[in-house]
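Enquirer: Take a look at the letters that make up each chain.
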Amino acid sequence: MKNVTIAVNGVEHRASVEPRLLLVHFLREVVGLTGTHIGCETSLCGACTVLLDGRAVKSCTVLAVQADGRKVTTVEGLAQGDKLHAIQEGFWEEHGLQCGFCTPGVILCSHDLLSRNPSPSDTEIRESINGNLCRCTGYQHIVNAIRSASRKMNKRVPARAAAAR
Amino acid sequence: MARNGKPKAAPKNNGKRNGQAAHWVGKKLKRKEDPRLIQGISHYTDDIKLPRMLYCAFARSPHAHAEIRDIHTDKARAVSGVVGVFTSQDTSGIGMVPCAIQMPDLKVPKHPVLATGRVRFVGEPVAVVVAEDIYAARDGAELVEVDYDPLPVVTDMEKALSEDTPFVHDEFRTNRAFTHALKNGDIASAFKKADHVIKQRMLNQRLAPVAMEGRAVVGEYLPGENRLTIWSATQIPHLLRTQLSVMLGLPETAVRVIAPEVGGGFGSKLNVYREEAIVPWLAMKLNRPVKWAETRRENLACTIHGRDTINDVELALKKDGTILGLRVRILADLGAYHQLLTPLIPQLTALMLAGSYKIPAIDIEIQGVFTNKMSTDAYRGAGRPEATYIVERIMDVAAHELGMDSAQFRFKNFPLSKQFPYTTITGLTYDSAKYQESLKKALQLSAYDSLRRRQKSGWKQGKYYGVGVSTYVEICAIGPSAATPAGGWESGTVRIEPTGKVTLLTGASPHGQGEETTFAQLIADQLGIDPDDVNVVHGDTMAVPYGIGTFGSRATAVGGTAAYMATQKLKAKMATLAAHLLGAKPADITIGRGRLTAKGNKKSISFGELVMAAYTARNIPPGFEPGMEATHFFEPSNFTFPFGAHIASVEVDGETGEVKIDKYVAVDDCGNVLNPLLVDGQIHGGIAQGLGQAMWEELIYNEDGQLVTGSLMDYALPKAHLLPDFTLERTVTPSPVNPMGVKGVGEAGTIASTPCMVNAVCDALSPLGVRHIDMPLKPERVWRAITHAQASRDEHELAMAGAVAKPSSSKSGRKTAGRRA
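Each protein sequence line maps, in turn, to chains A and B.
Going from the first sequence to this note's numbering is simple: count from 1 and add 371.
Going from the second sequence to this note's numbering is simple: count from 1 and add 1.
Here chain A stands alone, though its shape is the one from the complex (with noise of 0.2 Å):
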């Protein structure tokens, strides 16, 4: 057993795990937040998406040892409070979701990319979440999502970048 201690949605759980145990379950047994979905184990659906000191990493192929002392943002991590995020509001306004299995997954992954890419074109929206797996929406409604919020959040950008000054 090793010790871990993982930042998750900015809260510190420290745990004594398994060597083999995945980020994922981790996540969802240890610390008990089942936002985070597994739908292959092999890293080809990305359903299990979940930002690893802000970057878009598949948890079912992480080990939670590699995670120690590292900082997970989950889905449950997004929204402040009663407020959506930007990337949370496009899903909802642009129908970005059916079954919402994936949904968790590929808004973590967009919001990589948006952290990278503020203002992608649809080909890299599209690009971007090709290791995302969706059976429902013919992804046309995700990638209006991915649209919408990049918009919202360039908006907002400026607005507090002048609220700081």
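FYI, nobody ran anything at the bench for these hints, they're computed from the structure.
Everything numeric in this text was worked out from a predicted model, so none of it was measured.
Among the hints, a few may not be true.
[Claimed, not checked] Calculated lysine-lysine pairs in the DSS-like style (CA-CA distance at most 27 Å, straight line): (1) B:K664 - B:K461; (2) B:K435 - B:K320; (3) A:K526 - B:K664; (4) B:K29 - A:K526; (5) B:K50 - A:K442; (6) A:K523 - B:K435.
Following the hints, position chain B against chain A.
Expert: Chain B only, in chain A's frame:
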């Protein structure tokens, strides 16, 4: 959603219906279910964790066909954390996995929950290991040792019907599970009179539904209450409860099934699976809650598959392109066992083989075949995509053969809209349609003429542009009970609570479709309230009256109608009470937004006051039942038949066989629309799934019966960057079958897009002499077709050169066009 920024025609359901103005219906309302889903705070079955819960994993057969000599479980039991290992000896008291279909000659094999004596497909469960955590359970499952004597395997349907085949089930002495024929009209004379007979063999490959959430089951038994609760990722909670109570020998009243958040189904969760019985049985046996969640490998190998048919098609035509008759011979691969609806699916194909055309004579024969594979069953479309593929492909092959434009060829054979209700040669009565309007719209939207011009000029430059046309009609709102195995009605209970909030209990069991929103919209309009005040409850057999579930694009047209009818009963009740309180006649009461008013004396009462009066019941008319609740079980009089026309424009790389989709246009008609945003979502997803079949997806078993596409690495689902933006439009032809005029939309995209895409690619390569390519149209397969066509052409040219040198006596003007590519 911006539909390419174009203004849309006013929806036809914005007028008044039944005295009620549509305020919410027809609006792009955001979904009520989304806040929990986008925040990751909803609960799918695998998210459920109960005190003292155990986890299980299955040891599954690595052989496609083998005798089980012995099973050694000692090593598995020795794993730390393992609580128990169970085999068929332990589970023999559990009933057989049910098949709901009855046919005169249907062979129904025994289908025990754990393999008994023999395994018949790779992945068949042999033992189940229960442990304190999932890691220990899987460690244990790997250590279950089974002595197998491998037996000869049969995976090829034609071989399975040959004389020297091994049998999947020895007791039947045949692998033919059933035969089914549908014949009508004078087929012999149709083919005798024909100027052209177009023949084509076409394969409809085996697919995996791949809902992103795999199957999952949790069982909990409370002996004090004698209550077994089963959470399952299912589309049919009530039917599952009935079947499980029989399998487990419990009174149905002791069993509660809950379908919590369900992550997609596409037909794959419209079933009763072995694991759904084993997990609750374990919970009872061990007196602790037990959970099982399928791995993706299990999902691909052991959850039902779809399609898998070989189709020999012959179309008899007049010179001018008029259809005279259709003959189809189908072999349907059923796999090793029957799941709930396995033998039904090919029969649905037969019913839908008239497509959207006037066909005066038809002759269909189907053979269902056992093979050493997982069962096929209902996968999105369930028989209709197969039928539409056959019809739309042969239409295109014929149009090319006759040198006719594929759109004009279709126009020629459509029934006229004034001929509806239209009775097809297969015996169905299509409710309402305007096929011409829909195809015309698709032609305009795709700029068809300019696509054709580009194609012609492209060919001259060695570029292969193709235009695929596909029309379709589908059978939805399943269905009248007389035509379904387990009742085709649906239930709805509308209860206005004392505070005026409304609960709808629906027998439909949505798993992504969004009926918590659309049903709230329709009820809000009927009762003059806000959709936020309507809570839609589904998927819990203890909360909801018996229902049939969500499949076959039935939820809105049948379940929605049940809810609608229940509100009509409530409205009558509200009018009675309002009339009593306002001193008026019930007929004079109008229900407005939040208020009921008497026509004559203009007195009115608020919705809230009226409802409270029904509960306090201190001032009610004689004989008035207190409370405000009504239930309706809606039995539809017919199916509904949505339709549409899709057009795809592609470019095929003649060197590599790669296909680029550059435009995809869909005009769909699902009758009146409750929420356009959700309808678009259904169409998008459907098209993507249909394109998946056309382009990428294929489950492959090798000759040994090994599933060689057992992971998402090998089974290629459509990804975002592979798909174009789809351009959607609608026509609206209300259905006369239900009062809301709705038809259903869940499967339309999947049905239309597969043949549309294959038509486009074959059209692109037609100048090379490519006539047909079997799916999926992977670059290699397309490249081979091109190469083969070129080789045949070269051969032909050589032969012609030879013929010029030495005149031959072969007849010209052959009547029958055979198979070329």
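Enquirer: If a hint holds in the structure, say so; if it does not, say that too.
Expert: Each hint, compared with the structure:
Distance check on the hinted pair: K664 (chain B) and K461 (chain B) sit about 21 Å apart at the alpha-carbon level, within 27 Å; holds. Distance restraint check for K435 (chain B) and K320 (chain B): the Cα-Cα separation of roughly 26 Å lies within the 27 Å cut-off, and the hinted pair is therefore satisfied. With a C-alpha separation of about 32 Å, the suggested pairing of K526 (chain A) with K664 (chain B) is violated against the 27 Å cut-off. Taking the CA atoms of K29 (chain B) and K526 (chain A), the gap is about 25 Å. The hint holds against a cut of 27 Å.
For the hint pairing K50 (chain B) with K442 (chain A), the CA-to-CA distance comes to about 25 Å; that is within 27 Å, so the pair holds. For the proposed pair K523 (chain A) and K435 (chain B), the alpha carbon gap of about 42 Å is over 27 Å, so the pair is violated.
Taken one by one, the earlier hints fail for this structure at numbers 3, 6, listed in ascending order.
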